[in-house]
Amino acid sequence: AQTVTQSQPEMSVQEAETVTLSCTYDTSESDYYLFWYKQPPSRQMILVIRQEAYKQQNATENRFSVNFQKAAKSFSLKISDSQLGDAAMYFCAYRRGNAGNMLTFGGGTRLMVKP
Amino acid sequence: NAGVMQNPRHLVRRRGQEARLRCSPMKGHSHVYWYRQLPEEGLKFMVYLQKENIIDESGMPKERFSAEFPKEGPSILRIQQVVRGDSAAYFCASSGEGGLGEQYFGPGTRLTVT
Chain A
1 AQTVTQSQPE
11 MSVQEAETVT
21 LSCTYDTSES
31 DYYLFWYKQP
41 PSRQMILVIR
51 QEAYKQQNAT
61 ENRFSVNFQK
71 AAKSFSLKIS
81 DSQLGDAAMY
91 FCAYRRGNAG
101 NMLTFGGGTR
111 LMVKP
Chain B
116 NAGVMQNPRH
126 LVRRRGQEAR
136 LRCSPMKGHS
146 HVYWYRQLPE
156 EGLKFMVYLQ
166 KENIIDESGM
176 PKERFSAEFP
186 KEGPSILRIQ
196 QVVRGDSAAY
206 FCASSGEGGL
216 GEQYFGPGTR
226 LTVT
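First to last, the sequence lines map onto chains A and B.
So the first sequence is numbered by my numbering: it starts at 1 and just counts up by one.
So the second sequence is numbered by my numbering: it starts at 116 and just counts up by one.
Isolated chain A (complex conformation):
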């Protein structure tokens, strides 16, 4: 069974600074996708960024980027120029193969942004 581990229950960052959230996963599959979701206090799950395992290039979405280390099974999220609105729970998720497969989530990291 696949597992996703987020070892940092809480992180804090100063506004405008950079923070990195860690995620490791375990799988024997070769075809899979990785995601970071943001859950603000409203509890809405918002997709932040995704990474296809077959792609070597790290995904980037504006201030969000990932460091995907396939051999190490590591998938960290870097948030640059942190903003107050970035404060939320962040969940790393794994999905085997294409559509129709479930997401396996990590336990989450609570990110606090200090003004």
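Check before you lean on any hint, since a few could be wrong.
Stated by the list, open to error - Here are the simulated SDA-like pairs of lysine to any residue, each with C-alpha atoms no more than 20 Å apart in a straight line:
| # | chain 1 | residue 1 | chain 2 | residue 2 |
| --- | --- | --- | --- | --- |
| 1 | A | Lys55 | B | Lys159 |
| 2 | B | Lys159 | A | Arg43 |
| 3 | B | Lys159 | A | Gln44 |
| 4 | A | Lys114 | A | Ser80 |
| 5 | B | Lys159 | A | Thr3 |
| 6 | B | Lys159 | A | Val48 |
| 7 | B | Lys166 | B | Glu217 |
| 8 | B | Lys159 | A | Lys114 |
| 9 | A | Lys78 | A | Gly100 |
| 10 | B | Lys159 | A | Tyr32 |
As the list claims (entries may be wrong) - If you anchor each label on the Cβ, the simulated ranges turn out as follows:
| # | chain 1 | residue 1 | chain 2 | residue 2 | range |
| --- | --- | --- | --- | --- | --- |
| 11 | B | Gly118 | A | Gln2 | 23 to 31 Å |
| 12 | B | Lys177 | A | Thr20 | 36 to 44 Å |
| 13 | A | Lys70 | B | Lys177 | 35 to 43 Å |
| 14 | A | Asp31 | B | Glu167 | 26 to 34 Å |
| 15 | A | Ser42 | B | Glu217 | 18 to 26 Å |
| 16 | B | Val198 | A | Pro115 | 40 to 48 Å |
| 17 | B | Thr229 | A | Asp31 | 43 to 51 Å |
| 18 | A | Gln69 | B | Lys142 | 32 to 40 Å |
| 19 | B | Glu187 | A | Ala72 | 30 to 38 Å |
| 20 | B | Glu133 | A | Ala1 | 30 to 38 Å |
| 21 | A | Lys55 | B | Gly131 | 47 to 55 Å |
| 22 | A | Ala72 | B | Gly216 | 40 to 48 Å |
Just so you know, the hints here were simulated from the structure itself, not pulled from any lab data.
Ideal Cβ placement from N, Cα and C applies to all residues, glycine included.
Given the structure of chain A, go ahead and fit chain B onto it with the hints provided.
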């Protein structure tokens, strides 16, 4: 394009009652997934459905829980004879055919069992 709709947003039930949670997927989406989030935890997969079919229910408790996605109307997650341990946030997600199959989430239903 309307997103995934869930209702009610909050539901309070006494122990022993039934809870019905509804989910309308995004327009054009035919895949529906239900997840449960206990306090201070990540989301856990429960069931995956397509129209009129349950595809994967490996995360569903064996008793009291059922799900359906009829040909017409929303998907329903039904919990019979609720217990306090069922108190959680229940999220529905939907995805379309092809592409990367990204799952888009609804706002969730917070179930409180008293």
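*Verify the proposed pairing of lysine 114 of chain A with serine 80 of chain A, using a straight-line Cα cut of 20 Å.*
holds (14 Å)
*Hint says 26 to 34 Å; check whether the CB-CB distance for aspartate 31 of chain A and glutamate 167 of chain B agrees.*
The hint (26 to 34 Å, Cβ to Cβ) holds, given that aspartate 31 of chain A and glutamate 167 of chain B are roughly 28 Å apart.
_For the hint 23 to 31 Å, verify it against the beta carbon of glycine 118 of chain B and that of glutamine 2 of chain A._
holds (27 Å)
*Satisfaction of hint between valine 48 of chain A and lysine 159 of chain B, Cα-Cα up to 20 Å*: holds (19 Å)
*asked:* Quick check: does the Cβ-Cβ distance between lysine 70 of chain A and lysine 177 of chain B fall within 35 to 43 Å?
replied: Since lysine 70 of chain A and lysine 177 of chain B have Cβ atoms about 36 Å apart, the given range 35 to 43 Å holds.
*Per the hint of 40 to 48 Å, is the separation of the Cβ atoms of alanine 72 of chain A and glycine 216 of chain B within bounds?*
violated (26 Å)
*Has the given pair, lysine 166 of chain B with glutamate 217 of chain B, been kept, meaning a C-alpha gap of at most 20 Å?*
Status holds; Cα separation ~18 Å.
*Between lysine 159 of chain B and glutamine 44 of chain A, is the straight-line Cα distance small enough, at 20 Å or below?*
holds (15 Å)
*Okay, serine 42 of chain A versus glutamate 217 of chain B on CB: inside 18 to 26 Å?*
holds (20 Å)
*Could you check the hint for me, namely that glutamate 133 of chain B and alanine 1 of chain A are 30 to 38 Å apart, CB to CB?*
Holds, at about 31 Å.
*Would you mind confirming whether the straight-line C-alpha gap from lysine 55 of chain A to lysine 159 of chain B stays at or under 20 Å?*
violated (27 Å)
*asked:* Tell me if the straight-line CA distance from lysine 159 of chain B to arginine 43 of chain A falls inside 20 Å.
replied: Status holds; Cα separation ~15 Å.
In the structure shown, a violation is registered for the earlier hints numbered 1, 8, 9, 19, 22, in ascending order.
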